[in-house]
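Visitor: Chain order of the listed sequences is A and B.
With the first sequence counted from 1, adding 725 to any position gets you my numbering.
With the second sequence counted from 1, adding 1 to any position gets you my numbering.
What the hints contain is simulated information worked out from the structure, not anything from laboratory work.
One should not assume that every hint holds.
Computed cross-link-like contacts, BS3-like style, restricted to lysine-lysine with a CA-CA straight-line distance of at most 25 angstroms [what the hints assert, rightly or not]:
id, chain 1, residue 1, chain 2, residue 2
1, B, Lys163, A, Lys760
2, B, Lys370, B, Lys316
3, B, Lys370, B, Lys270
4, B, Lys270, A, Lys801
5, A, Lys760, B, Lys316
6, A, Lys840, A, Lys822
7, A, Lys801, A, Lys902
8, B, Lys378, A, Lys801
9, B, Lys270, B, Lys189
10, B, Lys316, A, Lys840
11, A, Lys760, A, Lys840
12, A, Lys822, A, Lys801
13, B, Lys378, B, Lys390
14, B, Lys270, B, Lys219
15, B, Lys270, A, Lys760
16, B, Lys163, B, Lys189
17, A, Lys801, A, Lys760
18, A, Lys760, A, Lys865
19, A, Lys801, B, Lys390
20, A, Lys801, A, Lys840
21, B, Lys390, B, Lys370
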Amino acid sequence: MVGLLPDLFRASKSGIITSMQRNATQTEELFFDPKHVGEATEPSFIGRSASFQCGATLRVSLHVDDAARITEAKFKAAGCSVLVASASLLMEQVVGKTTGEAAALGQQVAALREKLGALPPERSECPAMVCEALVAAIQKYSDTAREEWEGDEALICTCFCVSERTIEREIQARGLKTIAEVTGACRAGAGCRSCYPLIEDILEEVNGKW
Amino acid sequence: MIYLDNNATTRVAPEVFDAMRPYLTDTYGNPSSAHSLGRQMKSAVERAREQVAELLGAADASEIVFTSCGSESDNWAIGGFLEQNPTRRHIITTRVEHEAVRTLCEHLAEIGCEVTWLEVDGSGELDLDDLRRALRRDTGIVSVMLANNETGVLFPIDEIGKVVRENSDAVFHVDGVQAVGKIPIDLKEFDVDLFALSGHKLHAPQGVGALYIRNGVKLPSFIIGGGQESGRRAGTSAVPNIVGLGAACELARTTNIDGHESIMKLRNKLEDEILQTIPNARLNGTADRAKRLPNTANISFEYLEGENIMLHLDKAGISVSTGSACHSTTRESSPTLRAMNVPYAAAQGSIRFSLGRYNTEAEIDQTLKVLPEIIGKLAEMSPYDEQLKSLYAAHGRSINS
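Let the hints inform the model, and build the full structure from the sequences given.
Guide: Written out as structure tokens, the structure is:
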């Protein structure tokens, strides 16, 4: 079946890079027989993405258990072969992962591209669309989880379960100035990034007081 | 393999190959040479010229000049005219031309020509009043296709020719590439000055085309060099290909009289059944079949993406084309469908089925068996659930059934 998607496998067909060829075969199988198509069981968290350039649209839905673990990851797509294969591949990767682990995968577009094999340049945005929709779904989960959180300390980063207190402590102790520094110190913001505005507020508040 | 992409290219006919074979093996020589081998080649070229002239209904074989392809013919017609008439820089053409004309005219607009683009309606048809209004005293050339490569919609070149003649001194060029061999043509009946055709669209090999230049129309040589083609197009004649084009024209002329009918019957069956049985299918181009090529059906499967459909059909052994953005290197959906105001979600899912002389009813039946399964599977995958659900419900069905 290799080579049935002619543009996609231009490079791999040359036979120069065998790992790419392996990836290409897998990509082709994923396209023709995609996994994780459909809707996750309710209650689910939904993320969408679309390309105004090529018109592709994608919807990701996640079902998450009480331990913040993704038990179902499903997608629906109206887009090219690369989009379908990318979505199938990323959904497969995130099932069983915590939302934090999944969100971290969702930030790594380059890694997903590499797993797909040699993509022609005009298709490089397709895997990015899948990552975007996944992260958007996790953000929905995070927003809900943050609101429903009943612990003593306010929860900021739901992906890695980092409280407001912890972030304040880290900022004060290390003199942190940026979100990236906060993430480096305590992982807050390393996942879906829905807490970025909250971390920004805490930074301003603490550093203002300082 | 079920080949339903005959507007892209066609299989070389066995009769054509047989005609070419001697010129690829034992019979060789440069037709410009004076010795007997050369003269033999020359007479093969002249015979092919007569065969082409006869299919087109040209008044004289000398009106046919061989080129390398349809794009060369189109470029020569328009570019050659402008070279000859540098002050007549107003060009009229349509929004739905093949790239050979459209991209050339875009380029000419950038380098100082004025281009009027005629719009089409939702059926892909022109309003001849637009043309009347666009024609001016300084209009140099009007270039209009006879048959659209994507939708098969035919432009009335007889009427267009009259309008051009009555309202201007402009030269009238017709891109006939997609029409030759598919519908009867009689150029001496039309007010057409220049007419481009391409061999590989009618079962000749790739790499040969022709330009009809009406007697009396002056066109400077586009390729400058030797005196081939009566000094009108330099470069050693591609004798095997030219012989192939001649044989293909002969084949089209002698066998397509009922061939058009049988192809049309198969196309109609395919088109009717798809439109009747697949809820999200809609036709692109006029529903009036008298105004469309007999072999082409351009159908959108709304809310799906064409490359997906094309690749699944390919896996099932069926070759078609798509106007989807995903399949074009520009990442934009077909300019022809956009000019027709086909909604975006429909243009994305457009598939062109273009039949040819070798298709059989069994192949159409097989396509009609495979296609609904593919469309159903992709509909289940589409995020436009609500829209698809209501389209399917209107047919009394659910997506999964």
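Visitor: So, for every hint listed, does it hold in this structure?
Guide: Against the structure, the hints come out as follows:
1. B/Lys163 - A/Lys760: This hinted pair is violated, its Cα atoms lying about 59 angstroms apart.
2. B/Lys370 - B/Lys316: holds, 14 angstroms
3. B/Lys370 - B/Lys270: At roughly 13 angstroms apart (the allowed maximum being 25 angstroms), B/Lys270 and B/Lys370 satisfy the hint.
4. B/Lys270 - A/Lys801: Status violated; Cα separation ~32 angstroms.
5. A/Lys760 - B/Lys316: Cα-Cα ~18 angstroms, so holds.
6. A/Lys840 - A/Lys822: holds, 18 angstroms
7. A/Lys801 - A/Lys902: Violated, because 40 angstroms separates the two Cα atoms, which is more than 25 angstroms.
8. B/Lys378 - A/Lys801: Measuring from Cα to Cα gives roughly 11 angstroms; hence the hint holds.
9. B/Lys270 - B/Lys189: violated, 34 angstroms
10. B/Lys316 - A/Lys840: Status holds; Cα separation ~23 angstroms.
11. A/Lys760 - A/Lys840: Holds, at roughly 16 angstroms.
12. A/Lys822 - A/Lys801: Distance ~20 angstroms between A/Lys822 and A/Lys801 Cα, so the pair holds.
13. B/Lys378 - B/Lys390: Answer holds: B/Lys378 to B/Lys390 is near 14 angstroms, not above 25 angstroms.
14. B/Lys270 - B/Lys219: It is violated: about 46 angstroms lies between the C-alpha atoms, which goes past 25 angstroms.
15. B/Lys270 - A/Lys760: Violated. B/Lys270 to A/Lys760 sits at ~35 angstroms, over the 25 angstroms cutoff.
16. B/Lys163 - B/Lys189: Holds: B/Lys163 and B/Lys189 sit about 13 angstroms apart, inside 25 angstroms.
17. A/Lys801 - A/Lys760: holds, 11 angstroms
18. A/Lys760 - A/Lys865: holds, 23 angstroms
19. A/Lys801 - B/Lys390: holds, 14 angstroms
20. A/Lys801 - A/Lys840: The given pair, whose Cα atoms are some 20 angstroms apart, holds under the 25 angstroms limit.
21. B/Lys390 - B/Lys370: Roughly 22 angstroms separates the two Cα atoms, so the pair holds.
Checked against the numbered hints given earlier, this structure breaks hints 1, 4, 7, 9, 14 and 15; the rest are met.
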